[in-house]
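There are 2 protein chains.
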Amino acid sequence: MFEGLPTTIEFQLSLLLFVALAGYLIASKINQSAIVWEILVGIAIGPSLLGLITYTDCVETFAHLGAVVLLFVVGLEFNIKDVFNVKYGIIALIGVIVPWLGGYFLAEFFGYDFISSVFVGTAMTATSIAITANVLREMGKLQTEAAKAIIGAAVIDDVLGLLVLSFSMQVTHDTISIVPIVLVIIEAVIFMVIGAYVGHVYLSRLIEKLDATKLAGRFPETIFLFAMVIAFFYAMIAELIGLSAIVGAFLAGVALTSCTIKHGKNFKEGAEYLMIIFASIFFVSLGILADFHTLTLQILWFLITLTIVAFLTKIIGCYVGARIGRMSHKNSLIVGMGMAPRGEVAMIVALIGLNLGVIQQDIYVSIILMSLLTTIFVPIVLRHFMKD
Amino acid sequence: MFEGLPTTIEFQLSLLLFVALAGYLIASKINQSAIVWEILVGIAIGPSLLGLITYTDCVETFAHLGAVVLLFVVGLEFNIKDVFNVKYGIIALIGVIVPWLGGYFLAEFFGYDFISSVFVGTAMTATSIAITANVLREMGKLQTEAAKAIIGAAVIDDVLGLLVLSFSMQVTHDTISIVPIVLVIIEAVIFMVIGAYVGHVYLSRLIEKLDATKLAGRFPETIFLFAMVIAFFYAMIAELIGLSAIVGAFLAGVALTSCTIKHGKNFKEGAEYLMIIFASIFFVSLGILADFHTLTLQILWFLITLTIVAFLTKIIGCYVGARIGRMSHKNSLIVGMGMAPRGEVAMIVALIGLNLGVIQQDIYVSIILMSLLTTIFVPIVLRHFMKD
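Chains P and W, in that order, are what the protein sequence lines are. If you're matching positions, the first sequence starts at -19 in our numbering and goes up one per residue. If you're matching positions, the second sequence starts at -19 in our numbering and goes up one per residue.
It is possible that some hints are incorrect.
Copies of one chain are not kept apart here, so a pair can be met inside one copy or by any two copies together.
The list that follows gives simulated cross-link-like pairs (lysine to any residue, SDA-like), each with its CA atoms no further than 25 Å apart [said to hold, decoys possible]:
no.	residue 1	residue 2
1	K121	H243
2	K248	Y344
3	K194	E249
4	K9	I360
5	K248	R117
6	K248	I77
7	K248	R198
8	K248	F199
9	K248	G197
10	K242	E252
11	K189	I74
12	K248	P200
13	K194	R363
14	K194	L81
15	K61	A2
Please keep in mind that the hints were generated in silico from the structure rather than gathered at the bench. Please read all numbers here as calculations on a predicted model, not as lab measurements.
Bound conformation, chain P alone:
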């Protein structure tokens, strides 16, 4: 509490929220997505330019919280039927296989070894649902056919991506074992089905019952607290079985969609207020994470081709999947582009690869910047395509 300026929680929060606000102001002036500018101001204050702040534990904690709350809020706007859908499964599956192959062979072409190439392929798979979902939310297009396909497929895609990661982590050992991978798949399916059922049928009703007791009259805040406990608990379970925490938060949101509050504090409103603060921090932190100083000309070439391959493979894979599901040409294209941002999932893959010692700094930086570039360009393109 009494250590110098740049490490206090207050300084970091003031700065993060202030630049997020600046991002909003710029976005409002030039009629752009706020997310892109939040990431760009993040780059400006981070190690790449001004060096006012680094990706500290405190920033990481708030950013992580932001991603979880964001996906909970997005989940609250979805019905269970929108998520469990064979059509979206096909989009997700092809949209994972094609980018994986693209990343793997590009890395091989640039002369990287087998394990590094496997990790590059893995980093290409998982879609960052947070970015696209927020653009769709900002535009009020969450209820369109393409939006539902994007979110539904991105959720399955995230699950698939993390399965591929589990597989890649097995490759680093001497023997390739199939048992843990099958285990994760079974656990994931059980979690999704039971979580959705229990949440939708029991927890949703329990909140409504609690809302009718005198407890909600005396302590209206308990209703909001209870809903957030469910959100974080689902996020925890998801992480526990090897999925991303945001998948759990999303599932909790979907499960509580139909819940209506009369007496207590409305948790949907409360979660939105939490999201305003912490999702802003999440987007700014994506910019802070990128350090342009580590970039050399040689890596730049790999980065550029990697980014192009990342865009093309995801768009092609998802376009084909969407067309198989009989979606229109334009909607299939929107789905493909909406799935292109890699965001924090690719960054996590890169981080794990680096920590395991199977990829080096050059690949690490390339993956981080590739996922950032897809994150920056997709909202711009998507806004343009969905406008008319």
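Based on these hints, arrange chain W on the given structure of chain P.
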């Protein structure tokens, strides 16, 4: 994100919010203050009993955030005139001097050295405004004469307490210098006056102006973001000049009291939602911080007398101050009891003393538990006294 269960943010947040919810349920059943039960369930899950969680960086960050947001919300219910008041100044001054003397001489009596005794005295001075303010908020009594005196005096008291701490920290060095102490006093006064003026006259109007632009129509969340930037910025400045961050957050709240929002997201509502989550974590964390295992029979005696002296000296000091200000016998007694909780301020003093090496574990544990005991008993007594 992939390390074991007990260190993930999700696990800690789920657990903290779940036990906070349990605290509310118990409090609702036996018609008690929720805070007391939040602290008690905190003790239950902390190192003292179940050991499910410790006071990690993550818990500390959220708890700190909770205290700041709590005081911002409390500040939003106050007018500037309620805070800058000579009557409250007298209550605060006598309510700091008497407990300091009580703590100092008790420690001397128990045979502790000069510097240790100075720190015990210092830990006795500052009131934990968060506890009392929340009891008053829960009871809807924030607008009574006694409540205004308690909050007003506690703010001045916090400033005085931190000045005494600066003084004590000078004592640990070889020479006692008066310059830094005078400097902190001057800085504090300048900050309070300028902060209140600028916030009330300029920032409050700026928010209202921003609320009338098209920005608030397109991104209503910016209004809430802007208000929180101000809150954390004030908290940061307060910490920067050596005051407690919560003094700054409180001042920001007071400065923005008269601000009314029409188009954007209402920041008063938003801050309250943030408070529900993070103030709960703050109160649970106070229980987690206390570890009863370090307690021996010898220290128990010191602890018991210290707690009694802490109660009596604060009640007497503030009672006398309130009577000088011509308050009634009963109201003066309520003010005295309302000022008795030491909470996190005493804990910070203990922590600094331990880090400087001028107090040992026995005094440290005694101060922590003393401040916890005052925190637990005051809401019970205060509820009883303010009911009729």
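Cross-check of the supplied hints:
1. K121 x H243: Intra 30 Å, inter 22 Å, cutoff 25 Å: inter-copy only.
2. K248 x Y344: Intra 38 Å, inter 43 Å, cutoff 25 Å: neither.
3. K194 x E249: both (21 Å within a copy, 22 Å between copies)
4. K9 x I360: Only inside one copy: K9 and I360 sit 15 Å apart there, 53 Å across copies, limit 25 Å.
5. K248 x R117: both (15 Å within a copy, 24 Å between copies)
6. K248 x I77: For K248 and I77, the Cα distance exceeds 25 Å both inside one copy (36 Å) and across copies (48 Å).
7. K248 x R198: For K248 and R198, both the intra-copy (20 Å) and inter-copy (20 Å) Cα distances are at most 25 Å.
8. K248 x F199: Both: 17 Å inside a copy, 18 Å across copies.
9. K248 x G197: both (18 Å within a copy, 20 Å between copies)
10. K242 x E252: Answer is both; intra-copy 18 Å and inter-copy 18 Å each pass.
11. K189 x I74: neither (43 Å within a copy, 50 Å between copies)
12. K248 x P200: both (14 Å within a copy, 16 Å between copies)
13. K194 x R363: Between copies only: 19 Å across chains, 47 Å inside a chain, cut-off 25 Å.
14. K194 x L81: neither (58 Å within a copy, 46 Å between copies)
15. K61 x A2: neither (38 Å within a copy, 33 Å between copies)
The structure fails to meet hints 2, 6, 11, 14, 15 from the earlier list, while all remaining hints are met.
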